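Position chain B against the provided structure of chain A, taking the given hints into account.
Those protein sequence lines, which keep their order, are chains A and B. Take the first sequence: its letter number 187 is residue 187 in the numbering used here, and every next letter is one higher. Take the second sequence: its letter number 57 is residue 528 in the numbering used here, and every next letter is one higher.
It should be emphasised that the hints constitute simulated quantities derived from the structure, not laboratory data. No incorrect hints appear here.
Within a straight-line C-alpha distance of at most 30 Å, the following computed DSS-like cross-link-like pairs (lysine-lysine) qualify: (1) K175/A with K286/A; (2) K270/A with K666/B; (3) K98/A with K665/B; (4) K626/B with K605/B; (5) K279/A with K636/B; (6) K54/A with K505/B; (7) K422/A with K324/A; (8) K7/A with K666/B.
Remember, predicted model here, so these are calculated numbers, not experimental data.
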Amino acid sequence: MADPQAKTLFDRIWENHVVGQRDAVTSLIYIDLHLIHELSSPQAFESLALNNRKVRRPDATLAVPDHNVPTTDRDKPVKDPESALQIRLLEENTKAHKIEFFSMHDIRQGIVHIISPEQGLTQPGMSIVCGDSHTSTHGALGAWAFGIGTSEVEHVLATQTLVLRKPANMRITVKGELLNGITSKDLALHIIGVIGAKGATGHVIEYAGPVIEALSVEARMTLCNMTIEAGGRSGLVAPDDKTIRYLKGRPRAPKDGDWDKAVAFWATLKTDAGARFDKEVVVDAKKIEPQVTWGTSPEDVISISGRVPDPTHFENPERREAAKKALQYMGLKPGTLMRDILVDRVFIGSCTNSRIEDLRSAAKVIKGRRVADNIIEALVVPGSGLVKAQAEKEGLDKIFKEAGFEWREPGCSMCLGLNPDKVGPGERCASTSNRNFPGRQGPGARTHLLSPAMAAVAAIVGKLADVREYE
Amino acid sequence: MRKFETLTSWAATLPQPNIDTDQIIPARHLKTVKRDGLGRFAFEAARYDKKGESNPDFIFNQSPFDKAEILIAGANFGCGSSREHAVWALADLGIRAIISEQFADIFASNAPKNGMLLITLGRDEIAELMQHAKSKRVRINLPSQIVEIEDMQVKIPFEMDPFDKKCLLEGLDQIALTLRQNAEISTYEARWEKKTPWLFHD
Chain A
1 MADPQAKTLF DRIWENHVVG QRDAVTSLIY IDLHLIHELS SPQAFESLAL
51 NNRKVRRPDA TLAVPDHNVP TTDRDKPVKD PESALQIRLL EENTKAHKIE
101 FFSMHDIRQG IVHIISPEQG LTQPGMSIVC GDSHTSTHGA LGAWAFGIGT
151 SEVEHVLATQ TLVLRKPANM RITVKGELLN GITSKDLALH IIGVIGAKGA
201 TGHVIEYAGP VIEALSVEAR MTLCNMTIEA GGRSGLVAPD DKTIRYLKGR
251 PRAPKDGDWD KAVAFWATLK TDAGARFDKE VVVDAKKIEP QVTWGTSPED
301 VISISGRVPD PTHFENPERR EAAKKALQYM GLKPGTLMRD ILVDRVFIGS
351 CTNSRIEDLR SAAKVIKGRR VADNIIEALV VPGSGLVKAQ AEKEGLDKIF
401 KEAGFEWREP GCSMCLGLNP DKVGPGERCA STSNRNFPGR QGPGARTHLL
451 SPAMAAVAAI VGKLADVREY E
Chain B
472 MRKFETLTSW AATLPQPNID TDQIIPARHL KTVKRDGLGR FAFEAARYDK
522 KGESNPDFIF NQSPFDKAEI LIAGANFGCG SSREHAVWAL ADLGIRAIIS
572 EQFADIFASN APKNGMLLIT LGRDEIAELM QHAKSKRVRI NLPSQIVEIE
622 DMQVKIPFEM DPFDKKCLLE GLDQIALTLR QNAEISTYEA RWEKKTPWLF
672 HD
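For reference, chain A alone in the conformation it holds in the complex:
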């Protein structure tokens, strides 16, 4: 029974951050951490300067270039003049406002959503924003984190607050257990397939249940990262012992006496029994096979054992039309076995899947094997300089390079067709990133989303393939 006094984890975090009511439905909300990158911030800083406004909390702000940094030749100047200007402006703007900046040459540089948890900046119970939709990633540590636009970036810089309506509560409970070879990426794609690309719009998702508890903190990051692909601005996992172990000793985690205080506070961050959710979904993990997308929305997802669907079989007329268009764009025929689809490029990276566990799981499959001849390019792009260093310490770089992969410098890379790493028109990419939208990885690029281990297998076979047959 729903208990009217009982609160969800999100209710608690929201209440902790209400500065005041703006009107009956709108609140002024305090922001604990603001992450900044080169793409969504220049206009905010420009407007700040025009209005002669200051940054309220430089100490609660961190900047890093990630979207358009090249993943090769870091010792040389950035070739593309527009990218170089954005990176230079980020450095100048942050310097002028005394905001900490990790430069391209700092080992701590990387994708903003990788480096903040890595540094221990992302902590339970915080409100975190960034001008990037995949800010939902940070929810894996029990933080309420969401992407914002440039106007809101400026609002946070100037006031450390945002004017918001409280989102609704949604809970996704994952029961059973993940079978061998199934990762949190498969789980995330499966969930999006079940609830749809707008299934969580207007909601904060709390992921719960035995499968979520069993996931590592990094695996939870992949799951929370993909929440936005189901329409949810934030995904959350209640902090537990794994969260505390993950944070302990990280450079920006609370120190000394603060640590015990923080741990005690984090223990209060959970959903009460009987708390009411506006939407509840239960997923059975045992039914999940390795997932691959076939279309141009992350909801267009199917098991690797499946076939490209026939659009005429969709009941909803809009979905039918969308599927028809998607297959045309993807160059696929209904009924084709997913495992018969040839791949031209492979990308292992992005804020979804470029942490050390992702690289380990891909390397495990690749070890002693070779990239297939039909693959034009297979990239591994670690999420940060520190992930890269750790992987090199473990010898993973050698496994990738010996197999024929390129081992790159950290950044967003081929996820979004913005920097030099692109998928050509009509080319097909097996990608560990988060979006298969038309043109996302380059004009005319065709994207199949999958897990790092599945991307590794696709590279070896030259086709989409089932990782369970290659472990």
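Just chain B now, kept in the frame of chain A:
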């Protein structure tokens, strides 16, 4: 910010669902440090063919919809990236209001901050509007929260966030409004720092 009160215009229709921000403006055009001039990239892949010529099948290349200030779009419009460039590109294309069954959260938050009105209507109402928009202009009245079709007795009321409505009607600068609450923010900060000192580093 430009004020919004009433608007009468031809309405372009894009019925497909899930029009994402990469379709509205591809990431490669985000390497700008300005807000203006992005209209030429709006819907780039659909609007131009491979040679860069206008695609005559795309509604924004057809008269009178090339001058449309209203867009009626399929559900989950603006999903994907948080890029406000999507709103800037649409605004630069001339769009001042968008009508859809559902907007993605971040897009819905970005649009009104640029004077763009988003109207959420039911599936049947959208279908009716899309049908009539082929031959009639659409009229939007924000103060009375009504969408009408010109020369017809169709009047569709819509819901609206009161704060967004106020900001649109008065063209308010939201940051200036919040800065007036400076004392309240400081009080909150003192209280929050006591509870979570590890989040303050000064």
